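Residue numbers (UniProt numbering), protein chains in the order written: chain U, 1 to 500; chain F, 1 to 482.
No wet-lab data here; the hints were simulated from the structure.
Computed from a prediction, not measured in an experiment: that's the story for all the values here.
Treat each hint with caution, since some may be false.
[Claimed, not checked] Straight-line alpha carbon distances no greater than 25 Å define the calculated BS3-like cross-link-like pairs of lysine-lysine that follow:
#	chain 1	residue 1	chain 2	residue 2
1	F	Lys24	U	Lys264
2	U	Lys283	F	Lys24
3	F	Lys169	U	Lys283
4	F	Lys340	U	Lys347
[Unchecked claim] Which stretches of chain U does chain F cover? Using the computed rule of at least three CB atoms under 8 Å from a CB of chain F, they are:
#	region
5	64 to 75
6	95 to 109
Positions of the beta carbon are idealized from the N, C-alpha and C atoms, including for glycine.
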Amino acid sequence: MRGCSSRAKLAHGRDTAVCMTNCPTLIVTVGLPARGKTYISKKLTRYLNWIGVPTREFNVGQYRRECVKIYKSFEFFRPDNEEGLKIRRQCASAALNDVRQYLTEDGGQVAVFDATNTTRERRDTIIQFAEQNGFKVFFVESVCEDPDVIQENIVQVKLGSPDYTNCNTEEAAEDFMKRIKCYENSYEPLDEVLDRDLSFIKIMDVGQRYLVNRVLDHIQSRIVYYLMNIHITPRSIYLCRHGESELNVNGRIGGDSGLTPRGKEFGKKLSQFLQTQGISDLKVWTSQMKRTIQTAESLSVPYEQWKVLNEIDAGVCEEMMYEEIQDHFPLEFALRDQDKYRYRYPKGESYEDLVQRLEPVIMELERQENVLVICHQAVMRCLLAYFLDKTAEELPYLKCPLHTVLKLTPVAYGCKVESISLNVDAVNTHRERPEVGISLEAHRRAHTHPQEDGSVWPDMAFSPRAFSSTGCTVQASAFLLTHGVNLTPNPQHSKHPTRK
Amino acid sequence: MEFPQLEYLRRRRCDSAVNTEQKKLTQTPLLKIWVPWMGCSLNRRRGSSVPQFCNSPTMIVMVGLPARGKTYISKKLTRYLNWIGVPTKMFNVGQYRREAVKIYKNFEFFKPDNEEAMKIRKACATAALKDVAAYFSKEQGQVAVFDATNTTRERRAIILSYAKERGYKVFFVESICDDPEIIAENIKQVKFGSPDYVDRDIDEALEDFSRRIECYRASYMPMDDEEDRKLSYIKIFDVGSRYLVNRVQDHIQSRIVYYLMNIHVTPRSIYLSRHGESELNLLGRIGGDSGLSPRGQKYANALATFIRGQNIRELKVWTSHMKRTIQTAEALGVQYEQWKALNEIDAGVCEELTYEEIQENFPEEFALRDQDKYRYRYPKGESYEDLVHRLEPVIMELERQENVLVVCHQAIFRCLLAYFLDKPADELPYLRCPLHTVLKLTPVAYGCKVESFFLNIEAVNTHRERPVVSFHKHTFIIIDNY
Numbered sequence: 001m002r003g004c005s006s007r008a009k010l011a012h013g014r015d016t017a018v019c020m021t022n023c024p025t026l027i028v029t030v031g032l033p034a035r036g037k038t039y040i041s042k043k044l045t046r047y048l049n050w051i052g053v054p055t056r057e058f059n060v061g062q063y064r065r066e067c068v069k070i071y072k073s074f075e076f077f078r079p080d081n082e083e084g085l086k087i088r089r090q091c092a093s094a095a096l097n098d099v100r101q102y103l104t105e106d107g108g109q110v111a112v113f114d115a116t117n118t119t120r121e122r123r124d125t126i127i128q129f130a131e132q133n134g135f136k137v138f139f140v141e142s143v144c145e146d147p148d149v150i151q152e153n154i155v156q157v158k159l160g161s162p163d164y165t166n167c168n169t170e171e172a173a174e175d176f177m178k179r180i181k182c183y184e185n186s187y188e189p190l191d192e193v194l195d196r197d198l199s200f201i202k203i204m205d206v207g208q209r210y211l212v213n214r215v216l217d218h219i220q221s222r223i224v225y226y227l228m229n230i231h232i233t234p235r236s237i238y239l240c241r242h243g244e245s246e247l248n249v250n251g252r253i254g255g256d257s258g259l260t261p262r263g264k265e266f267g268k269k270l271s272q273f274l275q276t277q278g279i280s281d282l283k284v285w286t287s288q289m290k291r292t293i294q295t296a297e298s299l300s301v302p303y304e305q306w307k308v309l310n311e312i313d314a315g316v317c318e319e320m321m322y323e324e325i326q327d328h329f330p331l332e333f334a335l336r337d338q339d340k341y342r343y344r345y346p347k348g349e350s351y352e353d354l355v356q357r358l359e360p361v362i363m364e365l366e367r368q369e370n371v372l373v374i375c376h377q378a379v380m381r382c383l384l385a386y387f388l389d390k391t392a393e394e395l396p397y398l399k400c401p402l403h404t405v406l407k408l409t410p411v412a413y414g415c416k417v418e419s420i421s422l423n424v425d426a427v428n429t430h431r432e433r434p435e436v437g438i439s440l441e442a443h444r445r446a447h448t449h450p451q452e453d454g455s456v457w458p459d460m461a462f463s464p465r466a467f468s469s470t471g472c473t474v475q476a477s478a479f480l481l482t483h484g485v486n487l488t489p490n491p492q493h494s495k496h497p498t499r500k
Numbered sequence: 001m002e003f004p005q006l007e008y009l010r011r012r013r014c015d016s017a018v019n020t021e022q023k024k025l026t027q028t029p030l031l032k033i034w035v036p037w038m039g040c041s042l043n044r045r046r047g048s049s050v051p052q053f054c055n056s057p058t059m060i061v062m063v064g065l066p067a068r069g070k071t072y073i074s075k076k077l078t079r080y081l082n083w084i085g086v087p088t089k090m091f092n093v094g095q096y097r098r099e100a101v102k103i104y105k106n107f108e109f110f111k112p113d114n115e116e117a118m119k120i121r122k123a124c125a126t127a128a129l130k131d132v133a134a135y136f137s138k139e140q141g142q143v144a145v146f147d148a149t150n151t152t153r154e155r156r157a158i159i160l161s162y163a164k165e166r167g168y169k170v171f172f173v174e175s176i177c178d179d180p181e182i183i184a185e186n187i188k189q190v191k192f193g194s195p196d197y198v199d200r201d202i203d204e205a206l207e208d209f210s211r212r213i214e215c216y217r218a219s220y221m222p223m224d225d226e227e228d229r230k231l232s233y234i235k236i237f238d239v240g241s242r243y244l245v246n247r248v249q250d251h252i253q254s255r256i257v258y259y260l261m262n263i264h265v266t267p268r269s270i271y272l273s274r275h276g277e278s279e280l281n282l283l284g285r286i287g288g289d290s291g292l293s294p295r296g297q298k299y300a301n302a303l304a305t306f307i308r309g310q311n312i313r314e315l316k317v318w319t320s321h322m323k324r325t326i327q328t329a330e331a332l333g334v335q336y337e338q339w340k341a342l343n344e345i346d347a348g349v350c351e352e353l354t355y356e357e358i359q360e361n362f363p364e365e366f367a368l369r370d371q372d373k374y375r376y377r378y379p380k381g382e383s384y385e386d387l388v389h390r391l392e393p394v395i396m397e398l399e400r401q402e403n404v405l406v407v408c409h410q411a412i413f414r415c416l417l418a419y420f421l422d423k424p425a426d427e428l429p430y431l432r433c434p435l436h437t438v439l440k441l442t443p444v445a446y447g448c449k450v451e452s453f454f455l456n457i458e459a460v461n462t463h464r465e466r467p468v469v470s471f472h473k474h475t476f477i478i479i480d481n482y
C-alpha cells in the first residue's frame, strides 16, 4: 500500500528523486453512455491539476473517432458487430498505451481512463494492465436511471458531438438512445460482493447516493471527497476584485488600505449590477482585508469573511512599489519573473501556496450555488485558473482588472465566462509576462548562503524545498506529499504536462 | 457564534443621521476583523477565520448493534468538531440509563419483552432528547451527537419527528460489522472496563454482553436503501472497508462524511516533538527562522537515537518549512515531508521580538493577547484560531496515516495536542510543550495514551503561564481606526 515498487522507481528514470509514497493512479470511469462520465473525468482532471497533481484524461471515444473517421450510426456499437468490436478493443489498447507512457515517462501522476467499461471482462483487462505496470486503480461508476437527467445530458453534450454534426436534433437523439441500448444488455455494474476487493465509488442519481469501497490512499480519499461535493444544479459564480484602493493608486502592492472614491463608486455600481442580475439566494464572500469588506458593505447584504481569501502575502515586499522592489531586492525581482507561480516572497507566499490555501474555497464553491466572491488580484487569478483550466505557467498572468466582474456559468464540459466592466475608471495593476534574460543557474549560485558550519543553505525564497541527507528531493507541499513529484528547480520539467 | 461577546468597539462621534452611504470600518482589536462600527448589527458578523456554515442545529444519530463502535465514533467526531470550532456535545443514552438504574444486574434488562425496562429505556432516550434541545437553545450548541443503538425504525421515527418539530437537521451514522474478531476486540477494549461490569470477571462479562447483543439483534432494522431513501445518512461497513452515503444536505454533513471516511482503528502511534532549541530561542525572541543552537543540534541527534530505539514500523516524518525543524529532521537520516501548514504561528509585527519588547512597543496588543490568547491575532499575523484552521488538513492526514513523527513548533504542537487530548480553546494556548521532549500518543479505548520522553538535553523554557488578568473583560478600549 505505501511505497513504490522498485520497478516503478526505475521506470520513472529519476536518479536523485524518489517517489515518496504512492504509485501512479489510474482512475477508470464506468457507466452507460450519457451518465456524466466525461463530465466527471474532465472536472476531476481539472481539479487535480489545479491542486498540483499532474493528471490527464484519456477519452476512448476520441480514439475511436480518429480511427473511424466518419460515424455512421448506432450500428457500430451493436454487440454483434464484430468489426466494430475489434476497432473498439484496439482503441482501448491504444489509449492504455498512452496511459502507460504518460504515467511512466511523461511525469504524470494520475490518468483518467474515460470509457464505458461496462463489462467485467473489460475491467479485468484494465486491472491486469495496471498490475503489470505498478499502477493503482480506482473506479468511478455513474449510475442513473432518471430519464430527465439523461435527456439533459444528451442535449448538452451529445447533440454537439462530432459524431452528430450532420444530423438534426431528433435524428441524433434517437440514434443516441439506440446506442445506449447496445450497452445495456451487457452492462455489469460494480458489485458490492463480486467487486469487494476493488477500490471504487459508485455515484447514484447524480450524487444523491454514493457507495465507496476500499479507499486506499490520500489521493483516492481526496477524489472521493471532491466527487461527493460537486453538483450539476445550474448556477453562476461571480468573481471580482475589491474596488480600487488607496495603495493601488500609489502603485503599491499588498497592505490593508481602504477604498478610493472610485473604489467606492464601484461598490455602488456592483450593487446595482447584482440587482439587475436577479440572482436567487446569492452568497457573498470576502477576504478579511478592509478593501474587500468595504466593497461588500455597499451591497447591504450579509457576507462571509474568509481569511484564506486574503491577498498573497508579499512578505518583506509588502506595500512596496515594483520599482522599489527592483531597487532593494533585484535578485528577488528577477527570480519572480523567472517562475512567477512558484516564486515565494521572502517571509511571504507564492501563487503555489495560494492555491493550497484556496482549496477549501474551491471545495465550498463546488457545494454552493450562486456565489459572489470579492477578492484580490492574485487570489482571483488562482480561482479563475481553476474554473478555466489554466496551467501554472499561465495563472500568474491572467488578466483580472479592477472594477470588472467575471460571471462564470458552468455549461457542457466547461465554463462560460462573461466579463462585465462596470464602467468605473481605475488604475491598471497588471504586469505582463516579461522577457526573461538571466540564467536560472547563475541565480541559484548567487542565491545560496554559506553557513558558519560550512554547509550551504539555499535561500528560502528561491528554493523552499530543502534536500534531505539521503540526497533525495523532499516534498514541500501538503498536496504533493504522497505523489513523489520531482520539484528540483528545473525549468524543463513542468509540473503541468502540456495538454493534448 | 463566539465572536460578539469578546469584541470592543470604539464608539465614534457620528452624524446622527444613519445614512446608507459607506459606513466607516473599524478593525476589532482582538480578532483584527474589519466591521462596520454600528454595534447592533455586530451579531450578524462572523468574525473567525473561517465562515461558519451551520445554520440549523444538526443532530447526528448513531445506529447499530452494541459493540459496533458507535461510542468510539461519537466521541471522536465530537472531539474533531469541537476542535475545528463547531460547538458539539455528545449524549450517550447508556449514561442516562446507568443513572436511572443504579445497579446493572444482567442482560435481562435488555430483553425485548421486559416491559419495565422498556419504559425506563424510553424515558432515558426522551430525557436525552430534552437535553439535546436545551443544548441547542440555551447553550448555543451547533451539533449534538445522539449516541444509542437506535436500531428500530420506530425509535428513529421518534427522533426524526422531534427534530423536525424544532427545525433540527438529522444525519444518521450507522455502523455495521459482523466480523467476530473486531467485535471481540471492541468488547475487550471498552466493555470490560464499563461501570456495568465492574464486579464481574472477564468470562462472565463477555457472556453477558454477548447475550445483550442478541437482545437487539431480532428487532434490528438497518437503514434501508429504499425505505430510508429520503433520509441523510452514512452507513459504515466493517470498520471503514465500505461506505454508503445518502443525501448529504450541507457543508457540515459533508465534512463529517469526509472525516469518518478517513479515520481508522489500526494500532499506531503519533510522536510529537518541537524542533531542537534554536538561536532565537536562546535570545528569548519569538518567531523568525533561525537555525539550531549547539544544544538543539544535540537534541536532534538524541532524537535520532530515540526514534531508532523505538523500532517503529514504517515511520513517516513531517516537518514545517522552517529551518529549525528541517535541521532537526536531517539528523534522523530518513526521508521527511515538509508541510507549510506546520510553520509556527505568524507573529506579524512582533516577529523576532522578545516579550519585553512587545510589552514596551505594543502594550495594548500585549494586554489583549492575555485577555484571549486563543482568538487574539497578532497585527499582520495570526491567531491560534487561524492555526487550527490551517492545521486541519494535517489532522486529516494524521488520521489517515499510521506511525508518524511530527517535528514542529510550540503553538502548532499545542494545537495538535489539543486535538488529540480534547482540550478546549481556552486551555489550548497554555498547554505545556517544552523543548527537547517527545510526546508519544497512542490511541486506546476512547482516548489517547500519552507518554512523555525528555531526552536529557537542557534547553531554555519558552512557556508563558496564563497571567492573572487584572481588568474586567468588557472594558472598552479606545483605539483609533486602522
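Hint-by-hint comparison with the structure:
1. Restraint check for lysine 24(F) and lysine 264(U): the C-alpha separation of about 12 Å stays at or below 25 Å, so the hint holds.
2. Note on lysine 283(U) and lysine 24(F): the hinted pairing holds, with a Cα-Cα distance of about 23 Å set against a maximum of 25 Å.
3. Between lysine 169(F) and lysine 283(U) the alpha-carbon distance is near 21 Å, which keeps this suggested pair within the 25 Å criterion.
4. About 12 Å separates the Cα atoms of lysine 340(F) and lysine 347(U), which keeps this hinted pair within 25 Å; it holds.
5. Under the rule that three or more residues need a Cβ within less than 8 Å of chain F, the assignment of the region 64 to 75 of chain U is violated, with 0 such residues.
6. Taking a C-beta to C-beta cut-off of 8 Å, the region 95 to 109 of chain U contributes 0 residues in contact with chain F, too few for the three needed, and the coverage statement is violated.
The earlier numbered hints that this structure contradicts are 5 and 6.
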